[in-house]
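Q: Fit chain B with the ligands to the given chain A structure using the hints.
Chain order of the listed sequences is A and B.
The opening residue of the first sequence carries number 15 in the working numbering; numbering runs sequentially from there.
The opening residue of the second sequence carries number 15 in the working numbering; numbering runs sequentially from there.
Derived from the structure by calculation, the hints contain no laboratory data.
Predicted model only: the values in this text are computed from it and were never measured.
Hints may be right or wrong, so weigh each one.
Because identical chains cannot be distinguished in the list, a pair is counted as satisfied if it fits within a single copy or across any two copies.
[Unchecked claim] Straight line, CA to CA, 25 Å or less: simulated SDA-like cross-link-like pairs of lysine to any residue:
hint: 1; residue 1: LYS386; residue 2: SER405
hint: 2; residue 1: LYS71; residue 2: ASN373
hint: 3; residue 1: LYS191; residue 2: GLU75
hint: 4; residue 1: LYS370; residue 2: ASN391
hint: 5; residue 1: LYS378; residue 2: GLY32
2 protein chains.
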Amino acid sequence: MNSAVVLSVLGTLLRFQGIIMIIPLLVAVYYNESTMPFIVGIVLTEIAGTFLWLRYKSDAEWKHREAFATVAFGWLTVTIFGTIPFIISGISPINALFESMAGFTATGATILDNIESHSKSILFWRSMIQWIGGMGIIVLFIAILPKLNIGSRHLFRAEVPGLKEEKIKPRIRETAKILWMVYLLISSLQIAMLYLAGMSIYDAIVHTFTTIGSAGFSPYGESIVAFNSPLIEAIITLFMFIAGVNFVLLYRTFYIDHTSIFRDEEFKFYTAIILTATAVLILTLRYGIAADPFTCLRYALFQVVSIITTTGFASVDFNLWPDSSRIVLVFMMFIGGCAGSTSGGPTVVRVLLLLKYANGELFKFIHPRAVKPIKFNGKVVPAEIIHQVISFMVIYFLIFVTSTFLISLMNVDIVTAFTASIATLGNVGPGLNLVGPMSSYNCMPSIAKLIMIMNMWIGRLEVFTVMVLFTPEFWKK
Amino acid sequence: MNSAVVLSVLGTLLRFQGIIMIIPLLVAVYYNESTMPFIVGIVLTEIAGTFLWLRYKSDAEWKHREAFATVAFGWLTVTIFGTIPFIISGISPINALFESMAGFTATGATILDNIESHSKSILFWRSMIQWIGGMGIIVLFIAILPKLNIGSRHLFRAEVPGLKEEKIKPRIRETAKILWMVYLLISSLQIAMLYLAGMSIYDAIVHTFTTIGSAGFSPYGESIVAFNSPLIEAIITLFMFIAGVNFVLLYRTFYIDHTSIFRDEEFKFYTAIILTATAVLILTLRYGIAADPFTCLRYALFQVVSIITTTGFASVDFNLWPDSSRIVLVFMMFIGGCAGSTSGGPTVVRVLLLLKYANGELFKFIHPRAVKPIKFNGKVVPAEIIHQVISFMVIYFLIFVTSTFLISLMNVDIVTAFTASIATLGNVGPGLNLVGPMSSYNCMPSIAKLIMIMNMWIGRLEVFTVMVLFTPEFWKK
Ligand SMILES: [K+]
Ligand SMILES: [K+]
Numbered sequence: 015m016n017s018a019v020v021l022s023v024l025g026t027l028l029r030f031q032g033i034i035m036i037i038p039l040l041v042a043v044y045y046n047e048s049t050m051p052f053i054v055g056i057v058l059t060e061i062a063g064t065f066l067w068l069r070y071k072s073d074a075e076w077k078h079r080e081a082f083a084t085v086a087f088g089w090l091t092v093t094i095f096g097t098i099p100f101i102i103s104g105i106s107p108i109n110a111l112f113e114s115m116a117g118f119t120a121t122g123a124t125i126l127d128n129i130e131s132h133s134k135s136i137l138f139w140r141s142m143i144q145w146i147g148g149m150g151i152i153v154l155f156i157a158i159l160p161k162l163n164i165g166s167r168h169l170f171r172a173e174v175p176g177l178k179e180e181k182i183k184p185r186i187r188e189t190a191k192i193l194w195m196v197y198l199l200i201s202s203l204q205i206a207m208l209y210l211a212g213m214s215i216y217d218a219i220v221h222t223f224t225t226i227g228s229a230g231f232s233p234y235g236e237s238i239v240a241f242n243s244p245l246i247e248a249i250i251t252l253f254m255f256i257a258g259v260n261f262v263l264l265y266r267t268f269y270i271d272h273t274s275i276f277r278d279e280e281f282k283f284y285t286a287i288i289l290t291a292t293a294v295l296i297l298t299l300r301y302g303i304a305a306d307p308f309t310c311l312r313y314a315l316f317q318v319v320s321i322i323t324t325t326g327f328a329s330v331d332f333n334l335w336p337d338s339s340r341i342v343l344v345f346m347m348f349i350g351g352c353a354g355s356t357s358g359g360p361t362v363v364r365v366l367l368l369l370k371y372a373n374g375e376l377f378k379f380i381h382p383r384a385v386k387p388i389k390f391n392g393k394v395v396p397a398e399i400i401h402q403v404i405s406f407m408v409i410y411f412l413i414f415v416t417s418t419f420l421i422s423l424m425n426v427d428i429v430t431a432f433t434a435s436i437a438t439l440g441n442v443g444p445g446l447n448l449v450g451p452m453s454s455y456n457c458m459p460s461i462a463k464l465i466m467i468m469n470m471w472i473g474r475l476e477v478f479t480v481m482v483l484f485t486p487e488f489w490k491k
Numbered sequence: 015m016n017s018a019v020v021l022s023v024l025g026t027l028l029r030f031q032g033i034i035m036i037i038p039l040l041v042a043v044y045y046n047e048s049t050m051p052f053i054v055g056i057v058l059t060e061i062a063g064t065f066l067w068l069r070y071k072s073d074a075e076w077k078h079r080e081a082f083a084t085v086a087f088g089w090l091t092v093t094i095f096g097t098i099p100f101i102i103s104g105i106s107p108i109n110a111l112f113e114s115m116a117g118f119t120a121t122g123a124t125i126l127d128n129i130e131s132h133s134k135s136i137l138f139w140r141s142m143i144q145w146i147g148g149m150g151i152i153v154l155f156i157a158i159l160p161k162l163n164i165g166s167r168h169l170f171r172a173e174v175p176g177l178k179e180e181k182i183k184p185r186i187r188e189t190a191k192i193l194w195m196v197y198l199l200i201s202s203l204q205i206a207m208l209y210l211a212g213m214s215i216y217d218a219i220v221h222t223f224t225t226i227g228s229a230g231f232s233p234y235g236e237s238i239v240a241f242n243s244p245l246i247e248a249i250i251t252l253f254m255f256i257a258g259v260n261f262v263l264l265y266r267t268f269y270i271d272h273t274s275i276f277r278d279e280e281f282k283f284y285t286a287i288i289l290t291a292t293a294v295l296i297l298t299l300r301y302g303i304a305a306d307p308f309t310c311l312r313y314a315l316f317q318v319v320s321i322i323t324t325t326g327f328a329s330v331d332f333n334l335w336p337d338s339s340r341i342v343l344v345f346m347m348f349i350g351g352c353a354g355s356t357s358g359g360p361t362v363v364r365v366l367l368l369l370k371y372a373n374g375e376l377f378k379f380i381h382p383r384a385v386k387p388i389k390f391n392g393k394v395v396p397a398e399i400i401h402q403v404i405s406f407m408v409i410y411f412l413i414f415v416t417s418t419f420l421i422s423l424m425n426v427d428i429v430t431a432f433t434a435s436i437a438t439l440g441n442v443g444p445g446l447n448l449v450g451p452m453s454s455y456n457c458m459p460s461i462a463k464l465i466m467i468m469n470m471w472i473g474r475l476e477v478f479t480v481m482v483l484f485t486p487e488f489w490k491k
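For reference, chain A alone in the conformation it holds in the complex (with noise of 0.2 Å):
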């Protein structure tokens, strides 16, 4: 592997990530704040950004592993310096590594006990992070992971339209400006109408990242039951459910072909799924809470959009709602929302691959020589992306199986575990008991945090990215 293009890259990314941290330097001076978290924080990274750009400035092509290598790696190091704010304003460095890594993966799962404590610009910051991570997220499966075999850029509409294939680099450029341009859109729109709502025009903005971002950050230990206001659960919903969309296939929708995404085979099922489990979710809480009709589809609503986008937002305490009502959620934890999106989780469309998959197998039984190829979007997908899509489930499955065993040997319950571990690895947030939507991860031991720190990364490097640097091929020669 050729270490100097990665680390020069690196370079790159912590320079521009000293840059972003004026923003919340200046949210500080604004409020009067202690401004030596981000002071500290930009000194270090720059230093460290630019002792990596001068000492490896390469040029040279990125092959398989050095690509592999830059994504993995690059989160996680934006990730620990990231955490430097959080660690100059008092909180211990295993946390600030998980409140960082929950920031830039947009899973929006907090260590923070008391979050009101915190100052502003802390919490700013910790909202930034997120949305700059959505940003990110983006732009990786659709520009990068594609090159890495890694997703199909037909099958996940990864092709911007209008976009000529060029050289790669600046291809990359091209798109990354039309996504910024859409992801730039959508959030001052969201931002205009939560202040209209009532907002302050610090909470709309802050409420704004963590939304778009699909990470569930709130700047209240009661998330977002602390507005308790149906116009501003409505609008977060709208906007957590268009966060959840193929920002492609959103791209598409506006400035294109307007009917495009009714015609979109992934956003209907997706749709679908979001009514039904309303739906469900509506007649268990009737009988489970006893609350009137009109309550229930308020909470059911948000709540389902909240947890299949793995935003993680709560409009209202679910822990405390009985298991038949909490399933739902629970399962939607292992959708997610839709590839290209800044929502986690296995993706809509792998989760409908599977589906015909499984029953193109059944029917295969019943006539072994037939051949019936499996269609999306009217296309058939080639044989070689149904493997990829299974071998990503299985891996998935695998790690979250793992990762539920080890956390529950921690003297942790069984729920708690399982959730904590789907809740981290699929970007989700909060999960169920100890880490229910009103509580915080502060509670788990440490070695389980660092599970958790572990499947976040994981999970949002689309499991692959992550995991070939386990392989001991990876490193060979």
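A: Showing chain B with the ligands alone in chain A's frame:
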């Protein structure tokens, strides 16, 4: 589909079943208990069997569909007629169906709340159907399923050495005869050992029936705790372990090459999992229940072997253990014993191949063009077999998820729903919480019982055999 062929075989099965019922009838006579349950059972079963046999006598050839229908409906029919003794002795029809299905599928999940209140002959019948079910499973797996493209003869060592490839019917008969021999031999050995260890002859026979069938019904509400004897526990552990091994491999080891068992990759992995899980369980028990090392070992080994072989006996109420210990047993439920044994679950060989597959997939990302075939017992496994293992796992998992979800909706806690689902689909027997080893499934809602009856049936017949019946394709034309 040629239903005459199917109905004719069902007739033969029932006529055979009627004759089998003479044995519990004799037990009833011996213990001076009511003979009505069995007299009614014999009469009705023989009438139905003879009617079908006379009406549909057929020598037409089995095709794919006929074979699937025969296996799936055969098991169901035998189960339904098996309920007669239970119903006559006062058990409700749905409970009788549950108990009979738990018997013939060797699941051992009971709905009897007060087991000791039932007559010795009824408890004998309840144990015997598990022994017969267990034998049926081995013949099914080794002699019938490979012909339906379910399971590979090569892979699962379904090739009985010394038999020539001839016509299908005589071959099945020959294979079945050899397996019966091994089955009877092991059973006689266990009866003798349990008797020598102090059990009554009745208890020895009944416990052998349920051990060799990997079934786990006990005539005592307290299961093996009732004996409180380390010697009896050790004997049962040994025979549970043996019943979890491929019977063809046992045959080969006894009669042809005594060392062949130690060269078998599945057997080695099976043993390794048991030893590892026992070690982990001992550690968690030392901390969790603070027992002395010998007691920890005694509890851990018995329970691990009981659950991985999907027998389901309990030598202690493991439901009272802390979650860090219970989770070890939950994981065993998702593995199961070796293929071609009486155990249920996905089986060790499938889990092993899935791990090899996942490992190979990671390798591919680093060397996209390299071809590294998966090997098992020194031979390359054809891609088609790997494909089938994966499709099995996917469909198994989807059924598990669906049934957990449906059971959860019925006001049952998540852990109960989760373990009840896998304990029935994997033919294990006991689960956790409400369905722990010292309780019964009677507390579950009726619809949940029906779902679990389906689970036992589907799980026992290697999933595909039943699932194809639910495809519209199967019933076309
Ligand atoms: K999240
Ligand atoms: K069993």
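Q: State for each hint whether it applies.
A: Evaluated hints:
For the homomeric pair LYS386 and SER405, the shortest alpha-carbon distances inside one copy (21 Å) and between copies (15 Å) are both at most 25 Å. Taking CA atoms no more than 25 Å apart as the test, LYS71 paired with ASN373 passes in neither setting, with 52 Å inside one copy and 35 Å between copies. Proximity of LYS191 and GLU75 under a CA criterion of 25 Å is satisfied intra-copy only: 22 Å inside one chain copy versus 66 Å between copies. Proximity of LYS370 and ASN391 under a CA criterion of 25 Å is satisfied intra-copy only: 13 Å inside one chain copy versus 33 Å between copies.
For the identical chains of this complex, LYS378 and GLY32 are neighbours neither inside a copy (56 Å) nor across copies (37 Å), given an alpha-carbon limit of 25 Å.
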